[in-house]
Amino acid sequence: MTEIIVVTSGKGGVGKTTTSASVACGLARRGKRVVVIDFDIGLRNLDLIMGCERRVVYDFVNVIQGDCTLKQALIRDKRLETLHVLAASQTRDKEALTAEGVRRVLDELIAEGFDYILCDSPAGIEKGAHLAMYYADRAVVVVNPEVSSVRDSDRILGLLASKTQRAEKGNGGVKEHLLLTRYNPRRVASGEMMSVDDVKEILGLDVIGVVPESPDVLAASNSGVPVILNDESDVSLAYDDAVARLLGETLPLRFLEEPKRGFFSRMFGG
Amino acid sequence: MASILTTTKPADAAAPAPAIDIRFGQVGLIQVRLRSTDPGAILDELTGRVASAPLFFQRTGICLDLTALGRDPQLEEMRVVMDAVRRAGMLPVGLVGSSAALEALSAALDLPVLAPFRPQTQTVPVVQPAERAEPGIPALMQHQPVRSGQRVYARSRDLVVTSTVGAGAEVIADGCVHIYGALRGRAVAGARGEASARVFCQAFHTELISIAGVFRVFETLPPELAGKPVQAWLDGDDLRFAPLSS
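Chain order of the listed sequences is A and B.
Using the working numbering, you'd call the opening residue of the first sequence number 1 and step up by one each time.
Using the working numbering, you'd call the opening residue of the second sequence number 1001 and step up by one each time.
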């Protein structure tokens, strides 16, 4: 039974594409057949984050418009054989997307036997974001622990509950999950940033993961290797925990505290 | 708008099933407002109308509005008018008016008196007294959180929200607004003028409260109210706020 998961936020720059790439890899690493689709037509970056930008021949819009077959557009990941990428067009814009076209592509992907279809949403609430969430079964709403991101996510949660196919047909609604990213425990302790509890109180949802702020994310984008594949990073562990929770496991939240520095590192300023 | 009777076919003599079902429906009706009872003029103008859109007007039901005549027409005048209307191709199905003589005409012509309706272009007066809700009709219930950018309006009754109202959301009621959760957005009670309406919430973080049009914006939350259960009401022209728990 294929599950369509949208990764959305409202606010831009909070970590949707980073999350889409890492969650896709995390699921594929566990043997699931996964395809991740970039819905940000005209401003694509999923292919950059996945490291396959030089292998994009055909894109999502080409498939919708019938210029090529779906198989021709899907890019298989070189590291994980059950993972595929469907890149966005860089030359067109969101007007090229249609609801029927998106539905056809999703149906074809379901027929191909994928276990998970991840839709990487653009920022905002316009057509690209709307179509990315419209056919979703589940949503991962990415939030930074600061006021404008939380406000925008509240808006997105409202749209998920009203302007999606599941909401309109009344068959269960989209299952919503919150993912807190760029979490900095020191700034939370000093009161500059909102805590996990603050965000949960305002948005009324439990978090499926807390991903710490880290320079590893930028390094990952630069090298085209999704950060979850960096075994030495706390970010990788946090994303892996989130994937486990998405699959139904219960795990305690990590990385909520500042890492304690040992005696020697404090002595020698490490 | 008229109500219509629907009838089913007559039942068999052996079966005790009812011969008719009565239901209330709504139809749109063309209103023909008479400015004169001159049958020739009426026939000419109506014939022209019917010819301009025969599929729409031919044999269509119309109600005759007598309010613009400025006087009560005689029965014979009306019979002649109705004949002209029928010859033009329209079918009178009702009368609209407000005079006492109308009842007599209605009986004599065998046409019902229909309530006058307001066409779309007529503006509604700005201040309307709030309709009294019928006893026994419960408040509008909102169980899902009201998210930023959403608006919920309870017409002619109270609004009860059993979750939170997010910043940037609006909850509006003609009656009272009861929020069993945090209020971070706007709450408007007595939206159509009911000054006794109140706003209640369990955690006061609101952006704006308005009761019967008197509003207050909260740039900062007073410390004695912030985050607490609070009720707001109108005292004359002033909004008053007080913590709910004693």
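Misleading hints may appear alongside valid ones.
[Stated by the list, open to error] Some but not every residue of chain A turned toward chain B, in silico, with C-beta under 10 angstroms:
hint	residue
1	Gly66
2	Leu70
3	Leu74
4	Arg151
5	Glu201
6	Leu203
Treat the hints as calculated values from the structure; they're not laboratory data.
Even for Gly, the Cβ is constructed at its ideal location relative to N, Cα and C.
The hints, checked one at a time:
{"no.": "1", "hint": "Gly66", "verdict": "violated, 36 angstroms"}
{"no.": "2", "hint": "Leu70", "verdict": "violated, 35 angstroms"}
{"no.": "3", "hint": "Leu74", "verdict": "violated, 35 angstroms"}
{"no.": "4", "hint": "Arg151", "verdict": "holds, 6 angstroms"}
{"no.": "5", "hint": "Glu201", "verdict": "holds, 8 angstroms"}
{"no.": "6", "hint": "Leu203", "verdict": "holds, 8 angstroms"}
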